[in-house]
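In the order they appear, the protein sequences are chains P and R. Position in the first sequence (from 1) plus 7 gives the number in my numbering. Position in the second sequence (from 1) plus 16 gives the number in my numbering.
If you're looking for bench data, these hints aren't it; they were derived computationally from the structure. Incorrect hints may have been included.
[To be verified] Computed spacing ranges between beta-carbons, pair by pair:
| id | chain 1 | residue 1 | chain 2 | residue 2 | range |
| --- | --- | --- | --- | --- | --- |
| 1 | R | Leu19 | P | Pro82 | 26 to 34 Å |
| 2 | P | Ala204 | R | Val28 | 31 to 39 Å |
| 3 | P | Ala86 | R | Leu52 | 26 to 34 Å |
| 4 | P | Leu59 | R | Phe126 | 39 to 47 Å |
| 5 | R | Val56 | P | Ser35 | 46 to 54 Å |
| 6 | R | Ala35 | P | Ala204 | 29 to 37 Å |
| 7 | R | Ser53 | P | Ser90 | 35 to 43 Å |
[What the hints assert, rightly or not] Just a sample of chain R residues kept apart from chain P, beta carbon distances all over 12 Å, derived:
| id | residue |
| --- | --- |
| 8 | Val32 |
| 9 | Val50 |
| 10 | Leu52 |
| 11 | Ser53 |
| 12 | Leu103 |
| 13 | Gly129 |
| 14 | Arg159 |
| 15 | Gly164 |
| 16 | Pro185 |
Glycine included, every Cβ here is placed at the ideal spot set by N, Cα and C.
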Amino acid sequence: MSVRALGLTVLSIALGLLLWQWAAWDVSRVVFAPPSAVLARLAADVASGVLLKALVDSLVTLALGFGLAVVIGLPLGFAIGRSARVAAMFDPVLNAIYAIPPVAMVPFLIIWFGLFFEARVALVFLMSFFEILVTVAAGARNVDPLLIAAGRSFGADRVRLVTRVMLPASLPFVFAALRVGLVRGINAMITAELFFAAVNLGALMKQRAQRFDTAGLLAIIVLLALFGLAAQGGLKGLEARLLPWHVRR
Amino acid sequence: MNLRHQLAGIAVALVVWEAAGRAVGVDLFAPPSVVLSEYVTLLREGQILHELAGSLRQMIVGYGLACAVGIPIGVAMGRSRIADALLHPWLSMFVVTSVASLVPLFILVFGTGFWFRAAIVFVASIWYVILTVYQGARGIEPRFIDVGRSFGASRWRAFRDILLPALYPYVITAMRIGLVHAIRAMVVAEMFIIVGYGGMIYRAGLATSTAPLLALLVTLMLVGVIANALLRGGARLVAPWYEKRVTSAGSAVP
Numbered sequence: 008m009s010v011r012a013l014g015l016t017v018l019s020i021a022l023g024l025l026l027w028q029w030a031a032w033d034v035s036r037v038v039f040a041p042p043s044a045v046l047a048r049l050a051a052d053v054a055s056g057v058l059l060k061a062l063v064d065s066l067v068t069l070a071l072g073f074g075l076a077v078v079i080g081l082p083l084g085f086a087i088g089r090s091a092r093v094a095a096m097f098d099p100v101l102n103a104i105y106a107i108p109p110v111a112m113v114p115f116l117i118i119w120f121g122l123f124f125e126a127r128v129a130l131v132f133l134m135s136f137f138e139i140l141v142t143v144a145a146g147a148r149n150v151d152p153l154l155i156a157a158g159r160s161f162g163a164d165r166v167r168l169v170t171r172v173m174l175p176a177s178l179p180f181v182f183a184a185l186r187v188g189l190v191r192g193i194n195a196m197i198t199a200e201l202f203f204a205a206v207n208l209g210a211l212m213k214q215r216a217q218r219f220d221t222a223g224l225l226a227i228i229v230l231l232a233l234f235g236l237a238a239q240g241g242l243k244g245l246e247a248r249l250l251p252w253h254v255r256r
Numbered sequence: 017m018n019l020r021h022q023l024a025g026i027a028v029a030l031v032v033w034e035a036a037g038r039a040v041g042v043d044l045f046a047p048p049s050v051v052l053s054e055y056v057t058l059l060r061e062g063q064i065l066h067e068l069a070g071s072l073r074q075m076i077v078g079y080g081l082a083c084a085v086g087i088p089i090g091v092a093m094g095r096s097r098i099a100d101a102l103l104h105p106w107l108s109m110f111v112v113t114s115v116a117s118l119v120p121l122f123i124l125v126f127g128t129g130f131w132f133r134a135a136i137v138f139v140a141s142i143w144y145v146i147l148t149v150y151q152g153a154r155g156i157e158p159r160f161i162d163v164g165r166s167f168g169a170s171r172w173r174a175f176r177d178i179l180l181p182a183l184y185p186y187v188i189t190a191m192r193i194g195l196v197h198a199i200r201a202m203v204v205a206e207m208f209i210i211v212g213y214g215g216m217i218y219r220a221g222l223a224t225s226t227a228p229l230l231a232l233l234v235t236l237m238l239v240g241v242i243a244n245a246l247l248r249g250g251a252r253l254v255a256p257w258y259e260k261r262v263t264s265a266g267s268a269v270p
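Construct the entire structure; sequences and hints are all you get.
What follows is the structure, given as structure tokens:
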């Protein structure tokens with residue numbers, strides 16, 4: 008990032024915070040808290056360790072659900088995307104499932120998995136699995152046929168063609184799938200904590216909402232957004248290191 | 017051949033669902049045959065469509081506002097470096113924010129009435145609308161505009177006759193992606209406070225049979241699929257060059 012771009016980003020954040028402060032000026036603290044109060048609250052919460060402890064507990068759910076989604080979703084998406092016929096067969100079914108809001112599955116997950124850890128993992132899995140599947144399937148479809156033809160004419164067999172040509176060629180899509188899937192997984196994590204039995208950050212949010220503590224609520228929302236941004240940025244950094252040939256603006 | 021495979025896919029999915037449903041029983045996963053008869057009963061009672069219409073009305077307000085505000089902002093961000101620099105950090109932040117985490121806050125701010133649900137839908141869909149239009153506006157061939165300008169088009173004419181038509185496909189895509197998020201947000205908000213259609217879903221989950229629950233989900237699925245088809249159809253009317261541009265980008269944009 009150039010100095011100028013960095014300066015503009017800082018300016019943008021400063022302007023946004025000023026606007027927010029100004030908007031919250033005349034409003035009661037109960038209804039809407041200004042950023043100064045939220046940031047002070049966030050600092051206090053981080054210092055006392057409540058937020059981080061809750062976040063770490065939530066991360067176990069996220070890691071398990073997202074991990075399962077990756078392990079199952081990546082190969083399956085690749086298999087679907089490789090064959091035009093299989094892709095055509097799955098297309099209407101996937102579209103139909105995609106049109107159902109994942110949170111509407113919550114009653115189902117309660118019936119199958121109860122209200123606790125298993126249900127939360129299941130919701131994280133469900134929400135990130137479909138994003139990963141759909142993105143990877145699109146990536147496998149988009150492998151440049153020229154690359155495959157070149158590989159073939161240099162005598163690559165099927166296995167080599169898959170491992171040496173198609174996999175590297177669809178890696179950018181794999182990373183895109185991981186990024187989208189991870190953000191959806193984080194969303195699913197907090198959704199699950201609010202919609203099943205309230206625990207961790209979800210329980211904290213419900214407590215604070217009952218006490219009309221908007222600054223406390225906003226502190227958690229900001230923390231989650233920063234966490235999502237950091238996770239996305241981390242994957243982007245990893246992509247830049249592992250796939251230097253794939254230039255991304 | 018494509019249609020045949022798609023129909024085959026649907027048939028296979030239905031058969032698998034029926035077999036799975038019969039194996040585990042209606043209390044865990046009702047098979048489509050049971051869901052269908054339950055569906056007819058529910059439709060006769062009439063509550064399902066009534067609640068759905070009420071919920072959709074509130075969703076449309078939030079979604080319509082999100083499109084009306086989001087599309088110009090997306091164009092501005094895509095065409096002006098300053099607007100981009102000023103808004104981008106906030107765009108990236110809001111896009112990763114979970115709708116569910118905003119619900120408790122919005123209840124404190126708006127109560128639990130009409131504006132609460134409209135506001136949640138608005139906030140949930142506007143950032144995706146902005147993001148999609150932004151990406152489209154940024155990617156427009158500078159040559160198109162250069163040619164127009166060198167043939168004497170004023171800035172306004174270049175905007176109206178070159179930029180806007182080139183943007184239509186992205187505007188429609190943005191509206192489709194926004195709609196997916198709007199419907200999701202509607203259900204999140206309604207399930208949280210147990211009202212409207214989302215509330216029906218929540219209550220159906222407490223019944224002993226899963227057939228009513230599945231019927232409600234199928235209806236929601238149909239709404240999504242039909243709305244999507246309508247937007248695509250509308251796109252073909254206003255911008256016949258739409259399909260070509262978008263199918264190359266892939267229909268699987270999240």
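Quiz item: Against chain P, does Pro185(R) keep a CB gap of more than 12 Å to every residue?
Solution: Holds, because the least Cβ-Cβ distance between Pro185(R) and chain P comes to about 17 Å, which exceeds 12 Å.
Practice problem: For Ala204(P) and Val28(R), compare the CB-CB distance with the range 31 to 39 Å and indicate the outcome. | Solution: Distance hint for Ala204(P), Val28(R) holds at roughly 37 Å.
Quiz item: Was Gly129(R) rightly flagged as not at the interface, with every chain P Cβ beyond 12 Å?
Solution: holds, 15 Å
Quiz item: Taking the closest pair, is the beta carbon of Gly164(R) still more than 12 Å from chain P?
Solution: Consistent with the label, Gly164(R) stays out of reach of chain P, its closest Cβ about 25 Å off (over 12 Å).
Exercise. Hint says 26 to 34 Å; check whether the CB-CB distance for Leu19(R) and Pro82(P) agrees.
Key: holds, 28 Å
Practice problem: Evaluate the given range 29 to 37 Å for the C-beta pair formed by Ala35(R) and Ala204(P). | Solution: 33 Å Cβ-Cβ, so the 29 to 37 Å window holds.
Quiz item: When you look at the beta carbon of Val32(R), is every beta carbon of chain P farther off than 12 Å?
Solution: It is violated; Val32(R) is separated from chain P by about 10 Å at its closest Cβ, not greater than 12 Å.
Quiz prompt | Cβ separation of Ser53(R) and Ser90(P), checked against the hinted range 35 to 43 Å | solution = holds, 36 Å
Self-check item: Distal placement of Leu52(R) relative to chain P, Cβ over 12 Å
Solution: Fine: 16 Å to the nearest Cβ keeps Leu52(R) off the interface.
Practice problem: Confirm or reject the claim that Ala86(P) and Leu52(R) have a C-beta distance inside 26 to 34 Å. | Solution: holds, 31 Å
Quiz prompt | Outside-interface status for Ser53(R) - nearest CB in chain P farther than 12 Å | solution = It holds; Ser53(R) is separated from chain P by about 20 Å at its closest Cβ, greater than 12 Å.
Quiz item: Once the closest CB in chain P is found, is it more than 12 Å from Val50(R)?
Solution: Check passes; 15 Å lies beyond 12 Å.
Hint compliance for this structure: hints 4, 8, 12 are not met, and every other hint is.
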